[in-house]
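S.K.: These are the residues of each chain, in order.
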Amino acid sequence: MFRKILVANRGEIALRVLSACKELGIKTVAVYSEADRHSLHVRFADEAICIGPPRSSDSYLNIPQVISAAEVANVDAIHPGYGFLSENANFAEVCEASHITFIGPTPALIRMMGEKDRARAEMGAAGLPIIPGSDGVVPDEDAAKQVAAEIGLPVMIKAAEGGGGRGMRIVRTKRELIPAFLTARAEAEQAFGSPNVYIEKLIENPRHIEFQVMGDKHGTVIHLGERECSIQRRHQKLLEESPSTALDAGTRDRIGQQVVAALRTVGYSNAGTVEFLRDGSGKLYFIEMNARIQVEHPVTEMVTQVDLVKTQIRVAAGERLEDSVGTFQAKGHAIECRINAEDPDTFVPSPGHITTFRVPGGPGIRVDTAAHADAVIPPFYDSLVAKLVAHGRDRAEAIARMQCALDGFVVEGIKTTIPLHKRILADPDFLAGKFDTHFLERMAPVEAK
Amino acid sequence: MAKKTKAEPLGAGGIKGVDLAEVERLLAFMQKHGLEEFEYERAGVHVRLKKASLHGGVAARTVQVVESAALPEAHAPVPAPAAKTSGDTHVIKSPIVGTFYSAPSPGADPFVTRGAKIDVGQVLCIIEAMKLMNEIESDVAGEIVDVFVENGSPVEYGQALFGIRPHKKK
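Those sequence lines, one after another, are chains A and B. Position in the first sequence (first residue = 1) + 17 = the numbering used here. Position in the second sequence (first residue = 1) + 12 = the numbering used here.
Please note that the accuracy of each hint is not assured.
Estimated spans, in silico, between C-beta atoms of each pair [what the hints assert, rightly or not]:
| # | chain 1 | residue 1 | chain 2 | residue 2 | range |
| --- | --- | --- | --- | --- | --- |
| 1 | A | E113 | B | G164 | 23 to 29 angstroms |
| 2 | A | T363 | B | A153 | 51 to 57 angstroms |
| 3 | B | E147 | A | T344 | 25 to 31 angstroms |
| 4 | B | K129 | A | A203 | 53 to 59 angstroms |
| 5 | A | H235 | B | T125 | 52 to 58 angstroms |
| 6 | B | P122 | A | E206 | 48 to 54 angstroms |
| 7 | B | K143 | A | S298 | 53 to 59 angstroms |
| 8 | B | K143 | A | A142 | 36 to 42 angstroms |
As a list, the in silico DSBU-like pairs of lysine-lysine whose alpha-carbon atoms are at most 35 angstroms apart [stated by the list, open to error]:
| # | chain 1 | residue 1 | chain 2 | residue 2 |
| --- | --- | --- | --- | --- |
| 9 | A | K439 | A | K327 |
| 10 | A | K39 | A | K327 |
| 11 | A | K300 | A | K234 |
| 12 | B | K105 | A | K21 |
| 13 | A | K191 | A | K451 |
| 14 | A | K44 | B | K143 |
| 15 | A | K39 | B | K143 |
| 16 | A | K218 | A | K300 |
| 17 | A | K327 | B | K143 |
| 18 | B | K143 | A | K234 |
| 19 | B | K44 | B | K105 |
| 20 | A | K348 | A | K327 |
| 21 | A | K348 | A | K234 |
| 22 | A | K39 | B | K105 |
| 23 | B | K44 | A | K21 |
| 24 | A | K44 | B | K180 |
The set of hints was computed from the structure by calculation and includes no laboratory data. Even glycine gets a Cβ: it sits at the ideal position worked out from N, Cα and C.
So here's chain A without its partners, still in its complex pose (with noise of 0.2 angstroms):
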């Protein structure tokens, strides 16, 4: 087992980092950019490294300082987090070279799933649905007309070095098409250094449904369940919840066998989640995969019970899933708001000092958080504050306990998105869990911006 593993990230996934480290008697080091000086991840670390200045590319995503940092403290790993470095293949091969292991897949495999228009080539050729569409990048106009004559109309056109619901384009024209090909393709080469798109047949009004996996070094796969992520504004997923009441126990089987087995095929190791949409007849295709842990996956470990961030360094260690997982049983259910520093109704970002931050808890009610009274949320970095996480017995009691902590979780000195969950959580269509992508659309709206 490792020795010593620094963290290579902030905030509040740090932090749950730093604690699976601490349950497995495994020192640590936090780095951080001269912003976080006063961070809890660098108070609570064994040991705390400045890396550079605030903006991110001079700190966190400077691979050089992390390394040294790394060196210099003599670690045995490195844990990347999520976002920042932890789909960085270069990254992972340089912890290679410099003898750390990377907590995570391999280079190889990150960089398959990196690359969304090969990562769908090699799930379908391994098995799972995919969304009829181009056969990898689209490399010209006359490429792109003849694609979309194929699949038909409506498409969506999205960035192959993209992800995260960056860099995507709706068609529902003819006239569109052009237009909309060569923008994006301007698009993606400034937002990811490619300007290498692929097509998709447009999936209407689909839920996000995604499946967690962890795989070990020798070979065996695991899902462990899905987790439904349809809340979302722009893309970016606001609330999620497991299980989906999307899904009966013959699709969860027979999808969870179908990743599980792609997976081993292509050699899949450490956490990852495999992104499906569901249309409108319940049919499931793979979008991309996320070679990393994920922000939601509290929701999976409220209920699972299983520790998807230490098995992450059991599996690194060499340890067999069987001994680091084991039997597991999903029980309940579980959902998980994203609180973020932004006004609830316009979205525009509100950092600051906090004044007031009390945290609610309970029976079934777990908070993630590196924030706290008298903290700072600074603006260079994303805006997460807090994930609310909340389990019951069933859907209605996991709703019951989230409304009421979500009523007792005061944070002041900062607006936060509270009271758009709160709405979320009042909602009659959430509620008889009928939505999908589009539900934060259609909700009733606020006052005009």
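Given the structure of chain A, go ahead and fit chain B onto it with the hints provided.
M.R.: Same frame as chain A, now just chain B:
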């Protein structure tokens, strides 16, 4: 440096064996009598106070507290804290994480020592990061008044390396 560096000011009362109220009184004493430097030893604690500025008030100071090794419960020397300087002293900070080397190779003479006069662009030290030796150059001309880091110690981004009293511009 591998241990947690707390961002608390010197006055937060965290130095073993030193009564900071007493240090304050000594500084006031120096000020009153126009002293540049003051050194004393008492009960195994050795205190040296040195004024950096020649003008008016005591603008910049370095406080070095070294506990004597003769005491039975001797501690390792407390490294000089990052200089809280203003006025004349220019602090060279590390731009990278790595290991600080004061000389070009083991056993060689250090690049600079306290009192050395240096030019803009002169190499002051090496910081090794990822097996690469990075030469750290001075961005001012002047005299080295402080060396904050020991040879071979790890340094982090922004850590104070040298204090330089810049030459006055003609």
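S.K.: Could you run down the list of hints and mark each one as holding or not?
M.R.: Hints, verified against the model:
{"no.": "1", "hint": "A:E113 <-> B:G164: 23 to 29 angstroms", "result": "27 angstroms, holds"}
{"no.": "2", "hint": "A:T363 <-> B:A153: 51 to 57 angstroms", "result": "53 angstroms, holds"}
{"no.": "3", "hint": "B:E147 <-> A:T344: 25 to 31 angstroms", "result": "58 angstroms, violated"}
{"no.": "4", "hint": "B:K129 <-> A:A203: 53 to 59 angstroms", "result": "55 angstroms, holds"}
{"no.": "5", "hint": "A:H235 <-> B:T125: 52 to 58 angstroms", "result": "56 angstroms, holds"}
{"no.": "6", "hint": "B:P122 <-> A:E206: 48 to 54 angstroms", "result": "49 angstroms, holds"}
{"no.": "7", "hint": "B:K143 <-> A:S298: 53 to 59 angstroms", "result": "57 angstroms, holds"}
{"no.": "8", "hint": "B:K143 <-> A:A142: 36 to 42 angstroms", "result": "40 angstroms, holds"}
{"no.": "9", "hint": "A:K439 <-> A:K327", "result": "32 angstroms, holds"}
{"no.": "10", "hint": "A:K39 <-> A:K327", "result": "10 angstroms, holds"}
{"no.": "11", "hint": "A:K300 <-> A:K234", "result": "32 angstroms, holds"}
{"no.": "12", "hint": "B:K105 <-> A:K21", "result": "28 angstroms, holds"}
{"no.": "13", "hint": "A:K191 <-> A:K451", "result": "32 angstroms, holds"}
{"no.": "14", "hint": "A:K44 <-> B:K143", "result": "24 angstroms, holds"}
{"no.": "15", "hint": "A:K39 <-> B:K143", "result": "30 angstroms, holds"}
{"no.": "16", "hint": "A:K218 <-> A:K300", "result": "14 angstroms, holds"}
{"no.": "17", "hint": "A:K327 <-> B:K143", "result": "31 angstroms, holds"}
{"no.": "18", "hint": "B:K143 <-> A:K234", "result": "30 angstroms, holds"}
{"no.": "19", "hint": "B:K44 <-> B:K105", "result": "33 angstroms, holds"}
{"no.": "20", "hint": "A:K348 <-> A:K327", "result": "20 angstroms, holds"}
{"no.": "21", "hint": "A:K348 <-> A:K234", "result": "28 angstroms, holds"}
{"no.": "22", "hint": "A:K39 <-> B:K105", "result": "33 angstroms, holds"}
{"no.": "23", "hint": "B:K44 <-> A:K21", "result": "52 angstroms, violated"}
{"no.": "24", "hint": "A:K44 <-> B:K180", "result": "48 angstroms, violated"}
Hints 3, 23, 24, counting from the list given before, are not met by this structure.
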